[in-house]
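One letter stands for each residue in the lines below.
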Amino acid sequence: MNIPLVGSSNKAISFKLLAYIAKRNLLSKRLRTSLTLAGVIIGIGAIFFLLSFGLGLQKIVTDEIVGNQSIKSIDVSSPNSGILKLDVDALNRFSQLPHVQQTGGSFLIPGVVKVNGAEIDAVAYGVDIPFQSISNLSAFSGRLLVGEDNRSVVVNRSLLDAVGMKDAEDAVGKEINLSIPIKIGGVTKNIIDNFNIIGVISSGSGSEVFVPSHILVSQGVSNYSNVKIVVDENDDVSTVRSQIEALGFETLSPIDTIDQINQIFKYFNIILVGFGAIGMIVAVLGMFNTLTISLLERTKEIGLMVALGARSRDMKRLFVLEALLLSVTGAGIGILGAVFGGIIINIVMNSYARGRGVTESFDLFATPWWLILGMIGFMVIIGLVVVYFPARRAERISPIEALRQE
Amino acid sequence: MAGIIKIKNVAQEFVSGEETLHVLHDVSFDLKEKSFNIIFGQSGSGKSTLLNILSGLQKPTRGDAFFENQPLYELSNDQLARYRADKIGIVYQTNYWVKSLTVLENVSLPLFFLGASRSHAEAEARKALDRVGMGKYADRQPFLLSGGEQQRVAIARALINNPVVLIADEPTGNLDTKNGDMITALLQNYISEQGGTVIMVTHNMEYLPLADHLLHIQDGGVEDLKSSNYMEMSKQLMDDMKKRIDALAFATGHRKGSE
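If you read the protein sequences in the order shown, they are chains A and B. Heads up: the first sequence begins at 1 in the numbering used here, then just goes up one per residue. Heads up: the second sequence begins at 1 in the numbering used here, then just goes up one per residue.
Rather than coming from a laboratory, the hints here were simulated on the basis of the structure. Please note: incorrect hints may appear among the correct ones.
Listed next, the in silico DSS-like pairs over lysine-lysine satisfying Cα-Cα at most 25 angstroms (straight line) [claimed, not checked]:
hint, chain 1, residue 1, chain 2, residue 2
1, A, K183, A, K85
2, B, K127, B, K34
3, B, K127, A, K16
4, B, K59, B, K6
5, A, K300, A, K16
6, A, K16, A, K29
7, B, K87, A, K11
8, A, K183, A, K114
9, A, K300, B, K87
10, A, K300, B, K178
11, B, K6, B, K127
12, B, K59, B, K8
13, A, K114, A, K189
14, B, K178, B, K127
15, B, K8, B, K34
16, A, K166, A, K114
17, A, K11, A, K29
18, A, K23, A, K114
19, B, K32, B, K87
20, B, K99, A, K23
21, B, K87, B, K127
22, A, K11, B, K59
23, B, K59, B, K32
24, B, K34, A, K300
25, B, K87, B, K59
26, B, K6, A, K29
27, A, K23, A, K300
28, A, K11, B, K127
29, B, K136, B, K178
30, B, K243, A, K16
Predicted model only: the values in this text are computed from it and were never measured.
Chain A on its own, in the form it takes in the complex (with noise of 0.2 angstroms):
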């Protein structure tokens, strides 16, 4: 049918007008607005902190138990070394499994370091260059093992500590002696020498020092206590990890200890959110009321849109625009205010650890991007599942039933 009296234009009102029409009606009760803002404010708020302590604590835990060890690496050890050696050629098999980008060994050997006159126990490690990088090992003072590396060894702080050498610097270029026993067919000998220090690194709580792998393996050393691989991507950790397990070997990966973390973390969260749920619960219900009074006291006001040319779905579009203004720019605030709040924490708590001798700052609230814009996701849904009801009558409000209205 032709129907040239509604024209050619499909034009109705704009969003930009729409959005307009909703705010001026949330002003002219600005009270009631004010009120069911702050509810919203409040809950959305409440959430948003808990949460973010919750990650921040998380956060602090995870680097903490995992450190800065590379979620890409495995550690492969043998259950029963006399059987299953985690040797050389077992290296070199690891290193042509798909997706594996580097592996790395380590003799883990007790030793005595002797220096400054005083003699102590210490854990000597044979590790060769790519384990060092693996483990993320640096050195704050000095430099790292490198391949044409023969008599030089890198120790901890906590060695120099225990022989009494406080200054990192002056250690560099020292001389140790390094007694090593290895056992070599049923015959223990020993590895006598002096090494020059050439770093220190930070890690470590007992006394520990670095060797070239090279010196252990020409005097017959053959087994590795850990052997460190990196795969390519983070995905592919699963994969590598059940090619080596299926050669006999076990592994371990700083994804286990996450997650655990995260498992207990979880619930930790859940149990948060669960206490800021109280508040949200309570800032919903303020909405609902506050839409349906609205639909109520407004019945004419829509009749009377509806009959001046309105679409009736552009008076449900109104009501869902109300209430998204209301859970929006509630959520807005709540989490403005919920950031403000832990970055203040963060610094009260920092203050307070570096007076009680804490070197390293840590944040107790995170605030991810990705939690951010979920808040608001959320908020956005439940303001469409709040104003649902509220809308669809809206929509279905009979102009002449409504102007009847006394």
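Since the structure of chain A is provided, determine the placement of chain B on it from the hints.
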């Protein structure tokens, strides 16, 4: 003058429980463009229902209303909304407003619904308010104005989209004579200056001489009268009313002769 609105075999029934109320039966008439049409009749005679049908708000039980030969109730709801926003203007006896908006914004509403920008709609609304002498009240709240002022603003709102037809449901019903005359003059100006068509429902017999076309609605039926015989028709109406009053007085035992 060409025909602009046609009502053909329209019947309207409302069902309330088991009872069916027949408000209009088999009503037919034509209205010409650039004419002043007055529909008059008693309360409850179906005047407002007829206006709702003409406004595209009430689908008749049978028959159809035609605008420029197009059957209205074959249009979709969105097309009917556009018809109301674009082709007609409505003035009610009681004034209704979007209370959060100013006079200017309320007058702009029909253009908002046609997709106009806020600046364009408000510029047109200022012109419409100036035409009815209400320009200085643009930034006020409409519900704080007097009855006559509100009705003038309502006329400005009805005329902002330059409608082809203005539908006025007892626009002078709540006004004193002076304000009533002012509103009627605005409706006449709309015909003479803008070439529009007015359909007005009224109780006030004084306005009947203004009509180009009179429609008398009674007991759900519409009698199409010529304006030239309105005096005769008024007399007939008065006689009918007297007879009904007498009959009612007789039935309730208050007739002098019966005491």
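Query raised in the report: Taken at face value, is the distance from the CA of K87 of chain B to the CA of K32 of chain B at most 25 angstroms?
Result: holds (15 angstroms)
**Report entry** Restraint status (C-alpha distance of K87 of chain B to K59 of chain B at most 25 angstroms)
**Finding:** holds (18 angstroms)
Query raised in the report: Between K300 of chain A and K178 of chain B, does the CA-CA distance stay at or below 25 angstroms?
Result: Violated: K300 of chain A and K178 of chain B sit about 29 angstroms apart, past 25 angstroms.
Report task. Could you grab the alpha-carbon distance between K127 of chain B and K16 of chain A and see if it respects the 25 angstroms cut-off? Result -> Holds, because 23 angstroms separates the two Cα atoms, which is no more than 25 angstroms.
Query raised in the report: Hey, K34 of chain B versus K300 of chain A, does the alpha-carbon distance stay inside 25 angstroms?
Result: violated (32 angstroms)
Query raised in the report: If you draw a straight line from the CA of K243 of chain B to the CA of K16 of chain A, is it 25 angstroms or shorter?
Result: Distance of about 59 angstroms is beyond 25 angstroms: violated.
Report task. Would you mind confirming whether the straight-line C-alpha gap from K127 of chain B to K34 of chain B stays at or under 25 angstroms? Result -> holds (22 angstroms)
Query raised in the report: Taking only the CA atoms, is the gap from K166 of chain A to K114 of chain A under or equal to 25 angstroms?
Result: holds (16 angstroms)
Query - Pairwise hint evaluation, K8 of chain B against K59 of chain B, where the allowed Cα distance is 25 angstroms at most - result: Holds, at about 13 angstroms.
Requested in this report: Below or equal to 25 angstroms on CA atoms is what counts here, so check K6 of chain B against K127 of chain B.
Outcome: violated (32 angstroms)
Report task. Decide if the proposed pair is consistent with the structure: K6 of chain B and K29 of chain A, CA atoms, cutoff 25 angstroms inclusive. Result -> Violated: K6 of chain B and K29 of chain A sit about 45 angstroms apart, past 25 angstroms.
Query raised in the report: Straight-line Cα separation of K99 of chain B and K23 of chain A no greater than 25 angstroms?
Result: The given pair, whose Cα atoms are some 13 angstroms apart, holds under the 25 angstroms limit.
Of the numbered hints stated above, those contradicted by the structure are hints 10, 11, 17, 18, 24, 26 and 30, listed in ascending order.
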